[in-house]
Every structure is written in C-alpha cells, then in structure tokens.
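Visitor: Each chain, letter by letter, is given below.
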Amino acid sequence: MSETQSQLLNQKITRRDFLKYTGISAIGATTMSWLLPGCASKDIKVFETADGMIIHESARCTGCLVCEATCSVGNDGKASQVTARIKVSQNYAYGPKGVRGDWVNGPGEMGNFTLVADTCRQCEQPACALACPENAIFEHEGTGAREVDPEKCVGCGTCVRACPWGIPSLDPETNVSTKCILCHGYTACVKDCPTGALQYVSWDDAIQKYKEHFQV
Amino acid sequence: MALKGGWAGTILRVDLSTEQITRESTEKYSRYIGGMGIGYKVMWDEVPQGTHPYAEENRIIFGVGPLTGTGAMCSGRTNITSLLPSNPFHGVSDSHMGGHFAVEMKYAGYDAIIIHGKAKRPVWLRVVDQDVTLEDASVFWGQGTFNTITGITAIMGKDSQVAAIGQAGENQVNLSVIRTGPSHSAGGHGGVMGSKNLKAIGITGTGSVKIAGDRNAWHKLNKDTFAIVGANNQHVVPSTPQAWAEYHDPSSRWTSRKGLFWGAAPYPIETGEVRPEEANKIGYRTMKAIKDLGPAAEKYTVRMGGCASCPVRCHSHLKVPELAAYGVSTNVANTCVGFSGPHGIMKGTYTIEGKTKDEANVIGRTTGSQIADDYGVWCNYGQIGRDFKWAISHGYLEKVLPREEYNSLSMDKWEKGDPDFFREFYRRIAFKEGELATLGEGAYYLARKWGFGEDYWTDKNNKLWTKLGYPVHHSNESDGIVGGVISSMFNRDAQCHTHQNFLGSGLPLNVMQEISAELWGEGAIDEPANYTPVNDAKVRFIKWSIIRNILHDSLTLCNWMWPMHVSPLKERNYRGDTALESKFFAMATGFKVSEAELDEHAERIFTLHRALTAKQMKSTNLRQDHDQLTGWQFDMDPDKEAFSKGTIKLDRDDYEKALTLLYREMGWDEETGIPTRAQLTKLDLKDVADELERMGLLTA
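Going line by line, the protein sequences match chains A and B.
Here our numbering is used: the first residue of the first sequence is 1, the next is one more, and so on.
Here our numbering is used: the first residue of the second sequence is 1, the next is one more, and so on.
Just chain B, with the same shape it has in the complex (with noise of 0.2 Å):
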C-alpha cells in the first residue's frame, strides 16, 4: 500500500548511543493512522515489559499524522508517546504539543521521530530536511527553555522551530515539559529526554505535505469547516446576548462582544460582535485572556495566539511591564492550566503594591507561568500545587524538610502572595534541591514518601481520581458516569475534551439531547449535577468520546476544537458534522474510509494501549488494578445521594456497571476489563494477543 499523500512516508529513527540515525517506511504503520498510534506501536514492539522511564531502553516517539501540516483546521498537534516517570507503574502515556513543531517536522519530511538509547554526552538533533545531525548541547545545558530554543534557532535559522526542555527534564524531575514556541507545552515527559542527554530537536522542513484529492474540493472541505466550528472548545453561543444569537451562556469562550478590546495591541482591536458567518472574524471570538486571567487581562492583551492552521486562537499573548520587577520577559503567552497550574501552588490572592486585586491577579500568574515554563516544570494538571497547599495545611511540609531547608523557605512571601516566591519553588523543584523537591516526582511518589494518609487520596478537594495519582481532567462534573468512566481509561489525567466540548456548547440542554440521541441514543447526557445512572446511550458516548480522542492525537487534530458534533448555525439546527475527520483523512491520504472505519482504526489503537497497560502493570485484572476510582466520588455530599439534583456524586455499583458494559462494548473481558483474543483478532492485533497469552494474561 503506496502512501499517495497525508503522511510525510518515513519515520526518523535516532539511537543516542550508538548514534545511528536511520529511516523506515511509514507504511508499517499506517494502521495506526499516525502520532499517538506509531507512538503505542513503537512501545508495544519495542519496549519490553519492566523498563524504567529513563532508562536507556525506554523510547521517546514525536508522532504526527496525515492531516498535521496539510493546512486542515486545527491540525498542528505534535503527540509524544514514551512511559511516565511520574506514574506508579510507569506506564505508557502521551504528552502534547501545539505550536509549529508539528508541521515543520511534516514538512521536513517526516511522521515521526523515534529516539532511544543514551547520548554519552549532552545533545540536540537537528533536522534540516534528509540532513540529520546530533549536535553538541553542552552550552545549552544548564539552560531554560527559552534560551534554548533561541538559542538553537540562531544556529539553525529564523524559520526553523524547535522543541527543548529546561533544567527540570534535565535533573530528569518527574513533572517536566517539553516545549516549543512561547506557550507549547507538553507536561510529563521532559524527564526522559533528559535521561537520554537530548536536550532538543531542532527542525528545518523545505518539504510539503501531499494532498492526493483534488485541490479545489479539499479547499472548499476547509471552508465548508471554517462555517460550523466555533469558539475554543467548540462553543457555539456567544456568552453574551447578542441580537444575531438565539442562545448565549456566560461559560462559553466565545467570549468577544461589542467594547471587548485587544487594549494591548499596537492600537486597541475590538474583538466585537461576531456572526457565524464572518470567516475572517473567527479569530476574534475566543478572547481566552479574560477567561484565564480576569477582568483586567483586557488591557494587557496585545493578541491571541495558538498553533498551526488553526483559526480559533486559545493562547492569550499579553504585555505585563509589570513582570520585569521578577525578572521575566514581559512579553507573556500561555492558556488555560498553563496559567492556572503554576497559580495553584500559591495561597490564594496576590498582593503587589499601587495594583488592585484584579491587576495583580494578571501579574502573579503571568509570572508563574513564565518561570515554570522556562524550567520546564509541569504542574501535573494543577496537582503540585494542591498537593504542596496538603503538605502545608496538614503539617507535613514542616515535618519533612529539614529545619534548616524549610527556615530557608520564603513563606512570607507565600502567605502574602508575593509573586516573587514562584523563582525560588520552581528553582527548587527545576534543580531537585532538597526534600521540596519530592513535588516534582508526582502525587503517587509524593504520597509514598512523605507518609500521607489516606485522607489525601480520599478528600475530594485533592481531586485525584485514582491511585495512579492524576487529578480530575472533565471527570464526574462532565456527564456524571460519562466523565467519571472516561477519566479512568487512562495512564495519566485524561486529556479527552470530546465529551467536555459537547457538553459546553453552550445550546441548551433540550438541543444538545436532541443532538446527542442522534449521535448514540436517548439517554446519553442529564441535566448538570442532576444525573441518572449508566445506559446503553452513556456506554456508546464513553466510548465514542475516547475513541474520536485517540483519532485526533493520531491524526493530528485537536481534540480542544474537534469533533465538530455542534455548529453555530441554527439553518443547520446546530448540527456539526462528525464525519469530516473521515472526509479530510480520505481527501488527504487517498484512502476512502468511511466515519465508522476511520474509528474503528482508532478503536485499534486505543486497545493497544488497553494492552500495553496490561502488559506494563503485569495484571490479569485491569478493573481491580487499575480502574478503581480514590473514593471521594461516591463518599461525597454525604447528605446528598447519587442521582439526586445537585450533586456530582457517583455510585459504586453503578460504577461498576458502567466499567461492565464499556469492556463489552469496547469487546473486553467483562470481568477482568482486558482485551479478549476474539476482538484483539478482529482489530488486526492477533500478535497481541499472543503476546498477551505468553505473559499469562490474556484472561478470554
């Protein structure tokens, strides 16, 4: 099977120790679609069962897809699938990326890079086209990520784009990124390019991207998807009333109105009224600053930003003067938990002389955002800070640091909230100096070691949803069981917005039901915090939602924006259309698929990974080992039952249920919640399931 276009054709293969770099067709792979399925491929083959994260066996694989660097909407995603240090069992899990990467690794040439084995001295690859190179990075090391990356592009060229990771992934700390641009960050896995001496990959690509249909139908597919997507997560009502809309919600990010300025902008640009049909307004729509950052993020704002082929811009690019007083850039750009994660380790408000509480709210989590991201700390989905608020709040941070550390501690700046205490936490944490450092190793190694009880794991305002030790990510307050299910499929917080950006379109509750029958069935999503227990139609929407997130990390799309399962457009009585990944993957590739066998390559790959948690956590019953939720969730509003109004509450059999009917609907043991050989057969996995049955455990 020739690859006629979509995919780049060939895979870069880079073994640090020996310093063998080679190339590989990527038809092997082309079951796997591309990003996070070559990346479970890779680790499934090649990784065997026991490797620790840093070790030298390990792999890192930078995975895009057919649709990444084709110019399809929101197609700029970079996947990067190695183990997780921070994960009990260190198993497999994906870390992304927006920005340019992406398409200048397509354009260079290339669907993937596979990295293994250990450099003998600090590096960086460079990737100009067919030229790759292992260069000396021994005057970046020690470095943070944005000198890095300047760094590297004064050496490779202004149009090269280059991913790094600061002084965190090289002290190889558990929670570190790996970054591009000014606000791409992909949190988990910087540490295993630091193991592997790999302080960057630098990327030059003079190629292009083959679309093997036709040019002006593949044109108007684009502009057919510019008219029915949204804002930011896929809202599609304004959030305030306007005279064009039949429906606004004050929650949506479609968040631009009349007198809502970029006021930082070379002159002020209002963001304005925006109608569904204004192509060329779309990027005015989400005005994310204000949702971050507040009220006053307004007057900082000098434009939005984002990734590659995206017309939606969720990164906030802001100017703070005031930053330059704690030593940062003043030019600040960043997203959602890239700037509430680092905000999560303070007390609560900021307090900065001659500001208000609004202003000096911008300032402190611009700040803690520039310094982690220059580190390159990740906030483990804002769990470091609330597990850093535990330890101080129940007398373990006191007990555990020696005196002399914890007298050394500037918590008089943290009591009152003086942005200036995020240098010296995430130097501590960047260079593992002393026991404060033990938060960058993630809540499960944490736990273990500074002794806290089970009242951490249990007390829901932690949020952690299993013993793996990950927070929730649109958990049981999505759906109730929807959410609850699909955040425990996962090896890390689960990173699936296919469900979230549905239910926050923002229509209202009667439209999104008619909507969701059609899509998997009567049933299938409650009234918020009103919820009824699992169903058939639930059951199909868990199992949908994970798969269209698999799809998009493989593709590379981004699961923030798509599936596009809603529209603005009431002539369409806001439909979307969830067959377009199909259309744009056909038109691409050449490959006709249909939406169902297009998720059915999806559905392979996420089994895969059902497998490789099974294999890496050597279990027979993955329901017991790894599915089990912290508790909290059915122990909640104890003078509330599950299913009552106003409640998030889960039931443990209902729980148990609806693991039950997901294993058989994805064709699991319904029992043991691991793949049976019939539906490893059918997906085209019968080695496997062989490999499964070796080990002892392929349980049907």
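Looking at chain A on its own, in the form it has when it is part of the complex (with noise of 0.2 Å):
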C-alpha cells in the first residue's frame, strides 16, 4: 500500500464518515449522485483530492476562465486551455456533452447558463497512474496529488485514455501528459477564481460547507 492510499484510510474523517455525517447515505441515490465525483450533478461538484476535495460550485461560476489561464501560466510559463488542469472551456459553451438537440435549454453559456468543470480527483485509484505504461505517474509527498514525471512521459495517451473524466492532457507543443498537482498545495485556480466558485477543502471544513449551504 502506498503512503498516500494509507494517508487516505487513516484520515481522522473519511469519505464515507461524511457521507454518513450529512445524513446523505440515507436519503438514497438520486440526492447522493448530486454529490458524488463525476455525477450529473447541476449545482456543485465534489471532488476527492489526496488531502481532501475541490469544490467546482457551478451556480457560482461565470464562466471567465481566469482559472484556465492562472493554472497554466503559473504551472507552464503560458496560457493554454488544453493544458489547463482545470478544465471548465470544454463544457463552456454547450456543457459536457456538447451540442444536442435542446441545447436552448440545455447547460452551458449558449442554453441556460450552467457551467459544469472537469477537475482532477486525485483518485484514490488513479486510472491514469495504473496504466500508465512507463510508471510515469507517481504521488507527491506534500500533497498525495498524482502527478506526471515529464522525464519519464513518453507521450502515448494512455493516460488520456484512460481517466474517466479525461483529465490528463497532452500537451500538443511538448507531446508531454499533464495533469492537475494542486500546484504542491497553492492551488491557484481556487485563489484567483473572482466568485469563489471554486474551493480546495479538507474532508472536515468540506462538512462545514455543506452544513453552511443548506443550513443544517
């Protein structure tokens, strides 16, 4: 077991503590799936991280990118929205799934104005890592965050692949995979985003928020 994996089972409150904590697991499916990573949640987005969670609070977000470009001058020296580590330009202006028939009404800045992101999870069983062919992934000791040894990338798009939420991006210029390392704990895009539509949160203050949001 990795020390990461480890630091996530021995955490003081874990995942399913606070499942159980706000009452979630007892209200069934349908409210849970408003919570959990990669549901098709309309309002907010929780995300497990190494240490915690990033919150992306879509009824907060308008949608100005300054996450984008903040992540990746700071983390590559320019602005790209492919490797943004964040990645809201993708669902910007027709949602995740892009153009569909109802797209009036549908997600998005051109239907009814919900901005859905795709941010790294930092999963406890990173798809990413485990196949990546060269073990080019590995987790950071400060943070457990997963990130990539561009020394050992050999730029197959494994990875790519094979994330769920396709996360990691290849980096066109470099041929180089990349993906979000919570900048080893500054984590950027949640200081800089203008709403506060975004939050990097531990499990504890992630309860906090939630007893705050719904006033229980």
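Check the hints yourself; a few may be wrong.
Result set (DSS-like, lysine-lysine): computed pairs, CA atoms no more than 27 Å apart in a straight line [stated by the list, open to error]:
no.: 1; chain 1: B; residue 1: K258; chain 2: A; residue 2: K191
no.: 2; chain 1: A; residue 1: K97; chain 2: B; residue 2: K583
no.: 3; chain 1: B; residue 1: K592; chain 2: B; residue 2: K28
no.: 4; chain 1: A; residue 1: K191; chain 2: B; residue 2: K640
no.: 5; chain 1: B; residue 1: K618; chain 2: B; residue 2: K686
no.: 6; chain 1: B; residue 1: K220; chain 2: A; residue 2: K191
no.: 7; chain 1: B; residue 1: K223; chain 2: A; residue 2: K191
no.: 8; chain 1: B; residue 1: K399; chain 2: B; residue 2: K449
no.: 9; chain 1: B; residue 1: K449; chain 2: B; residue 2: K463
no.: 10; chain 1: A; residue 1: K191; chain 2: B; residue 2: K281
no.: 11; chain 1: B; residue 1: K416; chain 2: B; residue 2: K291
no.: 12; chain 1: B; residue 1: K319; chain 2: B; residue 2: K223
no.: 13; chain 1: B; residue 1: K158; chain 2: A; residue 2: K97
no.: 14; chain 1: B; residue 1: K583; chain 2: A; residue 2: K191
no.: 15; chain 1: B; residue 1: K449; chain 2: B; residue 2: K460
no.: 16; chain 1: B; residue 1: K220; chain 2: B; residue 2: K618
no.: 17; chain 1: B; residue 1: K357; chain 2: B; residue 2: K389
no.: 18; chain 1: B; residue 1: K220; chain 2: B; residue 2: K570
no.: 19; chain 1: B; residue 1: K460; chain 2: B; residue 2: K645
no.: 20; chain 1: B; residue 1: K618; chain 2: B; residue 2: K682
Label pairs and their computed distance ranges (CB to CB) [said to hold, decoys possible]:
no.: 21; chain 1: A; residue 1: P133; chain 2: B; residue 2: A227; range: 42 to 50 Å
no.: 22; chain 1: B; residue 1: K355; chain 2: A; residue 2: K97; range: 54 to 62 Å
no.: 23; chain 1: B; residue 1: T351; chain 2: A; residue 2: G166; range: 23 to 31 Å
Think of the hints as simulated: they come from the structure by calculation, not from any bench.
Keep in mind it's a predicted model, so treat the numbers as computed, not measured.
Using N, Cα and C, we set each Cβ at its ideal position, and we do this for glycine too.
Relying on the hints, combine the two individually framed chains into one complex.
Guide: Written as structure tokens, this is what we have:
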C-alpha cells in the first residue's frame, strides 16, 4: 500500500463518514448522486483529492476562465486551455456533451448558463497512473497529488484515454502529459477565482461547507 | 526582432476569391502592437482610396494582440477593422466584441485573420490550429446568429468558438453586427462579411500563448492588478453606503450589497458587500442587471458573465420565462446598449397583461435584445431608435413609406408597448423589406433618402455628434470639452471609455482633481455640468484618453475596464497604476518598454488612423471636413451661457481652440488637423507622409 493510500485510509474523517454525517447515505441514490464525483450534478460538484476535495460550485461560476489561464501560466509559463488542469472551457458553451437538440435549454453559456467544470479527483485508485506503461505518474510527497514525471512520460496518451473524466492532457507542443498537481498545495485556480466558485477544502471543511450551504 | 512571447507570431490571410489561404509573420506589424494597429496598417497598405466597403478589394481584419489570451486581466477582446458601410465616406473604423473568440484565435496560433475577396457562394471559415479550410455555408445562409453559431459548433466540436453574422449581415444592411457567444456583438461590420459571402468563422485552438517573463512574476503582477481593480468601468466605490467604504456613489456600477441577489440562480446567491481585498468576490461587485433593466431584474438574474480572463463580469445572464411568448429563448444575456439599443425603437414603457411596469420593462428589453441579436442588427449606439421615432413624430414615416407598407406596420403594438413589435421591426430591417429598411442604412443615408431637414441634425435630443451620423458616446456630458473633442476624432461614435471611466469612478471631486492633476496637470477635470474652457491639462487628458483607448484595442485589453488610473484602496490614497499595461506588455513579450514608450506606439496607430481618414476623405482640411459638430452642442440651453453651472453647453471658439491645441499636442497641422511630415517621420510613418504628399493631402 502506498503512503498516500495509507494516508487516505487513516484520515480522521473519511469520505464514508462524510456521507454518513451529512445524512446523504440515508436519503438515497438520487440525492447522493448530487454530491458524488462524476455525477450528473447541476449545482455543485465535489471531487476527492489526496488530502480533501476541490469543490466547483456551478451556480457561482461565471465562465471567466481565469482559473485556466492562471493554472497554465503558473505551471507551464504559457496560457493554454489544453494544458489547464481545471477544465471549464471544454464544457463552456454547450455543456459536457456539446451541442444537443435542446441546446437552448441545455447546459452551457449558449443554453441555460449552467457551467460544468472537469477537475482532477486525485483518485484513490488513479486510472491514469495505473494505466501508464512507463510508471511516469507518481504521488507528490506533500499533497499526495498524482503528478506526471515529464522525464519518464513518452507521450503515448494512455493516461488520457484511461481517465474517465479526460483530465490528463497531452501538451500538443511538447507531447508530454500533464495533469493537476494542486500547485503543490497552492491551488492557484482556487485562489484566483473571482466568485469563489472553486474551493480546495479538507474533509472537515467540506462538512462545514455543506452545513452552511443547506443550513442544517 | 524575433517574437518571444505574447504574440502568436503568425497572421492568417484568406483570399475568398481565389480560396488561397496563406500565412505571414506578425513581426512586420509588431510596431503596431496588434488588434487595431494591425488592422489600420493592413488597411493603409492594401485598400485603395475610394474602395467601397462591400467591394472585393476591401479587407476585414480580425485582430488580437500580444496580451490577448495571456490571462492578463480583461484580455478577451477581438478588434475588427474594415471600411464602415454606414459612414458617409466609408471611413476606416473598428468594431469590437468580447467573449472567448479572441483567446481561441490566439490558441490556434494567430494574431490576426485578414479576409479579402469574395467567395463564389456562401462559405464559413474553419480554423483548427494549422488546419484551415473554407466550408460550404449554404445550410447556414438565412439563419440567425444563434442557430449559426450552434450549427458550426456542432460540426467543429464543443470547445470551439464561433463568430457569425445574421440575416442583416448577409443582406448587407449597413447597421449589422458580427456576434460571438450568447451576448457579444461587434457593431458595424456585419455587412462586410455578408458582401464577401462569409457567414462565420469557427476556431478551435489547442496551442498556447507564451509568457516571455518569469511565470511567478507574471502571477504576482496579475494578483497586484486584481487588488486595484474596481467594478465595471473601473468604478471604485460602492453604490450604497457600506461600513468598509469611505465613499459611495449611487451611480456607481459597484452595486453589490447586502440583500441583493442573483435571484434566479439555482439557489439565491447574495452579491453582498464586497471589500476591495476580497479577490474571490470581485465577480459579485457588478450586479449589472439592475442597472440595465431596473429593480425587477434581480429575480430574473441567473448570474453574471462576460469575457475571457475578466473577473468583473458585466454581462447579465437572465432567465425570463415570459420570453417564450415572443418566440425567443427564455435564457438571455447582454449588457448596456445591448439592452437599451433595441429598447430605443419603442415608444416608451411596455404594457404586458398581468405584469408590473418593472417586470414588463425587463421582458420588453430582453425580448428586443434577443431578436436584434439573432438577426444581427446593430443599433448604432441607440441611434436607430431615435431615428425611427423622429420619422414618426415628424411625419416622415407616413410620408415616405408606401401606403400599403405603412398600413402593414403594427403600429398599434408600438403605441401600447407590446414587445411583439420587435419581431416585425427587426425582420424588416434585416431582410431589407420595403422602405422601412432604410433605417438600417445609418443616420447619414437615412436623412438623405428620407429628406430630413437640418433640424434633424441640430435637435439635441437626436444626439447626433457630427454629420457623419453617429451619436454621442461620452461626449460633452463627460468633462465638457474633453469628451466633446474625443467624440470628434473617430469615424463612428467614439468608443473611448478612458476618460469616462475616470470621471465616473465615484470618488469625490477633490480626490479626482488631485489624481488628475498628477496625471495631466491642474485643471484637467471640472465639477460635472460646470465646465471651464479648454486648457493644456484638458488637452493632455484628451490625448491620453484616446491613446490609451487605442492601446487597449491593440493589446487587446478592455477599455471598459482599463486603464487603472484609480483604485478602491484607501491605503493607496485611491491611486491606481497607469504603468500596468507596459508592465504586462514587457513581461508577456520580453520587450522592455516604459509606459511612455508604449504610449508612443499607440500614438503611431492613432496618427495612422488620422492619415487614413484624410486619405479616404481626400481631405486637405480635416478640421472642416471631419471634426465639425452638428451645432446643438453650442446652441442648447439658450438661457444659459457655456461654462456656467447646470449646462454641458460648449462654446464655438473654445471648441476650435481645443482642436488647435490637440492638433499641436499630436503633432498635426494646427490649421487642418492633418499629421505633419515631421510627426509622421518621428513616428516611423515616413511612407505614410510620402503617400499623403503624393495624393496632395500633406499640408505641413
């Protein structure tokens, strides 16, 4: 068992505890899916991270994409929507599924204005890392974030295909994969979001946010 | 001079006649910065005097700049340059749009797209990084902008950006727009695209914009800028008294306050009090919906929105279920004149059964905005509405329209304020149906064809600034002679917000006068509606305002937010930082320039604009041919003298003196207002001086 996996299991409050504490497990699958990663949530998405979770609160997101620019410039020295590790632009205009028949009422800037972000969950069993034939994706000691070693990466794109959310991206200019490293704890996207739609929180904080939000 | 960062480095050139697609280096244009600067340089070099805007020889240039797409604050603007069809002498002009098209262009690898020629049949331009093709647009021709943008996105992929014209542009209506996203319009050049059979441009960019400087220093610079930014138009005090704020101003666009919500969000989100240091709340400060649509708009507001890399969010996004009755989407987004422009055609207030006056106001204005946007009709900064109402009130409409056409108009709907009137009005304009469509040709052509008398031009309520046929846009109401002269320098309404943002910051007059004295000298600004004659400080303020406007449209930064002359920070004594543009430019491109040096680049671009105007007008005296006002500015308020309290009236002699002083400050001929050879040479525009001389237009 890796150190990070061990850390996750030994956390004071686990994800299961969180769901139990907030009563979600008792409410049922429909409500639960509202909060689970990768669900069809329309309001808030909650993502597990190595140390906690990043919340993208859709209702507060105004689509400025400051997060993408600050991420890519900070990490790569160049602004790019492709290498940005938080991904709003790819769902920006018409939602995650793109143009659909009822686009006028569907998600996205051209529809009902609901913006959906794709963000790295820093999965407990990271498909990207498990699939990488070069073992180029490792855990950062400080944050537990799954990080690509550019020296080992051969640009095969296996991680891109393995991730259910399409988070790892091959930089078309370097042919090296890249993904969210939580800025080694700094999380620039969260710090620069002008509406506080992004938050990087521990599990304890997540419970508090939940209580505040629903006044329970 | 190799380009290291900021610029993409490549300009795309598309000849629609030959279907040739070529690329060239941006280096040739780097002295013109980008955006507007590239546009003017191309127009000067390639478009002969006397070219009609709808001729194949005309160019239309989509330009972005070295800061576009870098993430620098408010750097999402696209500048579009071409001959302006509604202008009497078809002068060169710019239209601008925000949204995300500009950054996509940069990520695809282009600083500009130069379009010329005319396609044999309707096409759209598909740009996927280096893969550029012309595609059949027959399926989109005849469609509105919303369907076109959506259809092209369906073909290109969900992460593409599209700019398109509606039926108005296709039919070469002079007052037509190019649109992108749900709410971003560039007014004036839609017909040029239509004349070229170019329905749209779709772009997918997977590349990047390099930052030449240190990434951490860049991040800090952007953070520092976040710390001094205000609300929309760089208003730096809240609109209501708030405990943290020393000052407030009811007219400020910093409208967030306790108890004011995005009322139609999935759950109500309070804008709240936003302190200057709360960077994660900047996006709540500008609750623009209630400014543009009145108090009832609160409950319809889903959220705010806007352009790439802008934390300020000046576009209102609303859910208005009642719009279904008018056949348009119930999800509507826009800002400012995007709402008020269409509204201007209506008689006044709206009457909708079962709705309050305030609710009807929201429903009416948003209906007009949706319909005008879809057809792609431009309001000429609100002029089309004033023209329509002048034609009604002075009996022209009934006289010039054939009886059958006049009787077919649903004037009963107009009389009672039924938003359904928008549908037939804009359809007739966009499809050039009947005589009414003359309204879409612009004020100059309309007045000529319908035989408007001189009173049309001299009535202050018509707001026409010069005989070019464009209205006031922060003119003499903005520091008297300062806004007055700024408004005369362009070939359409002045889209300059540099001076207006400063004047509207919300800070008390004594603080503003201190800051203005530091920037331009004592006496640059006066108490509103209590103006003094022109002086050297005012002239410096005029020049600086124009130059920064030009700079922003070239970099490209949003002139509705930039420059940062003031800040909301008491600890900075409310001072901003006017060197920020040069700091961003230096860091992005790697070229170290001072604030003054960058301003000189912008001065080159503005001087080239002036030379282009002289060339296109074949004028040896722009003072007489271009810069003269319609007259109401001097004759309004007959019981008041200019420079007295309570009037924005200008004085004829003072106006002429102000022109002379500005010409001198710009290095132009003080009599004719045409750039001198000496100044053109100083600005590395010797070839421009040679051309003007060859045409017999160089007067000094």
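Visitor: Taking the hints in turn, state whether each one holds.
Guide: Hints versus structure:
1. K258(B) / K191(A): 24 Å, holds
2. K97(A) / K583(B): 40 Å, violated
3. K592(B) / K28(B): Holds - the C-alpha atoms of K28(B) and K592(B) are around 19 Å apart, at most 27 Å.
4. K191(A) / K640(B): It is violated: about 54 Å lies between the C-alpha atoms, which goes past 27 Å.
5. K618(B) / K686(B): Holds, because 19 Å separates the two Cα atoms, which is no more than 27 Å.
6. K220(B) / K191(A): 12 Å, holds
7. K223(B) / K191(A): Holds, at roughly 10 Å.
8. K399(B) / K449(B): Given pair K399(B), K449(B) holds - Cα atoms ~12 Å apart, limit 27 Å.
9. K449(B) / K463(B): OK: K449(B) and K463(B) at ~20 Å, within 27 Å.
10. K191(A) / K281(B): 11 Å, holds
11. K416(B) / K291(B): Measuring from Cα to Cα gives roughly 24 Å; hence the hint holds.
12. K319(B) / K223(B): The hint is violated at about 33 Å.
13. K158(B) / K97(A): 8 Å, holds
14. K583(B) / K191(A): 22 Å, holds
15. K449(B) / K460(B): 21 Å, holds
16. K220(B) / K618(B): Violated, because 49 Å separates the two Cα atoms, which is more than 27 Å.
17. K357(B) / K389(B): 22 Å, holds
18. K220(B) / K570(B): 21 Å, holds
19. K460(B) / K645(B): 19 Å, holds
20. K618(B) / K682(B): 23 Å, holds
21. P133(A) / A227(B): 42 to 50 Å: Given about 46 Å between the Cβ atoms, the range holds.
22. K355(B) / K97(A): 54 to 62 Å: 35 Å, violated
23. T351(B) / G166(A): 23 to 31 Å: 51 Å, violated
Violated hints for the displayed structure, listed by number in ascending order: 2, 4, 12, 16, 22, 23.
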